[in-house]
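Student: In the working numbering, the protein residues as written are 369 to 720.
Just so you know, these hints were derived from the structure itself, not from any lab. One thing to keep in mind: the hints can contain errors.
Okay, the calculated beta carbon distance ranges per label pair [stated by the list, open to error]:
(1) Gly497 x Lys434: 19 to 25 Å
(2) Thr450 x Lys536: 21 to 27 Å
(3) Gly548 x Pro683: 22 to 28 Å
(4) Ile533 x Lys434: 38 to 44 Å
(5) Thr463 x Val645: 43 to 49 Å
Where is the CB? At the ideal position from N, CA and C, for every residue including glycine.
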Amino acid sequence: MKRFILTLVILLFSFLSLSYKPNIISKAKVINISGQTSNYLELFPIKQNNKWGYIDKSGQIAIEPKYLAAQPFSENIAFVRTSKHIKAIDSTGNTIFNLPLNSSFPGLYSEDLAPMLVDGKYGFIDKKGKVVIDFQFDFARSFSDGLALVKLEDYYGFIDKEGKIVIKPQFASATSFSDGLAAVRFKKTDQHPAFIDKKGEATFYIPSQLTKTFVKKTISEINTFELTGISDSTATSKLTSTFNAKIAFDSRAFSENLVSVKINNQYGYINKEGKVVIDPQFAYADAFSNGLAQISLRGKCAFINQSGNVVINTPYHYYSCSTFSSGLAKIQNGGQIGYIDGDGQFVWPLTE
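When you get a sec, could you build the whole thing from the sequences and use the hints?
Tutor: Encoded structure:
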């Protein structure tokens, strides 16, 4: 029985390696990105003559470079550092409130709250700087889909906006929720993550032996599913020991209904039904945002659309680019920072 199932696994990956053919267009197409709809003025941090300021989406300076450090705007608020304070400013540059200079930068505002670190513990502040969730967590990320990722002792879980734990800390690692799901690992040694919903119910995506799809299985189904012929009550260890093809975790969950997957050391994308929609062909693949995803193409940063076509090529190393946000993507080359639009054109040239 073991030999039979091992043969199936070998055939599976032979099939995958033969079936997945790169489908890359060499000439970049021009597309337009409208950006995300919001009631906030989107501004982007820039660096000029070693001072930080902000530009708008068209590349015009909105707040003159004068700060020692600057965070991105989120929900019309950004944190900046001056010689005397860390300031929360609005899109006109006016101060909303001050924090002590020895404070850490809070995280980005999301759903009206921002995580903040004080005396080694994380809590959350509102848009007036008032503490609304006490400093009690070992780690915290911004809210997403109504929940925030937090860490207590050695485990990650999720809280609501009242600070109540709604999914108890039980994961060795986890992402924030996105598209209604979060990627989690139950043990640090797990190579294959599960995806949980807001009730904490977990689903794994398992490569099918017969088709270019991933079969969705719950923990209980995997526990009773004779995958390796080895009696093991831990679902995740079965997956780890069986599949070289695994969901790429890298602090990402589903975004715009797709998630990257690594098969035979190449990244592609599957949808929530487990169907491979972009064949594995890239050395690196990031989350989709504004309809585009950053990928590594021969070691260089490029962007693909949801059809898998390369629409923007750059001469920069793949880790020099960020994902698109509100229609722009940051390019960082050494100490220089610039921004490109959806056509791949610089709206703000590389400066430092």
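Student: Take the hints in turn and mark each one as holding or not.
Tutor: For each hint, the structure was consulted:
Against the hinted window of 19 to 25 Å, the Cβ-Cβ separation of Gly497 and Lys434 comes to about 21 Å, which satisfies the hint. Distance hint check for Thr450 and Lys536: the Cβ-Cβ separation is about 41 Å, which falls outside the suggested range of 21 to 27 Å. The beta-carbon spacing between Gly548 and Pro683, approximately 37 Å, falls outside the hinted interval of 22 to 28 Å. For the pair Ile533 and Lys434, the supplied restraint of 38 to 44 Å holds, since their beta-carbon distance comes to about 42 Å.
Remark: the range hint 43 to 49 Å for Thr463 to Val645 is upheld by a beta-carbon distance near 46 Å.
When each numbered hint is compared with the structure, violations occur for hints 2, 3.
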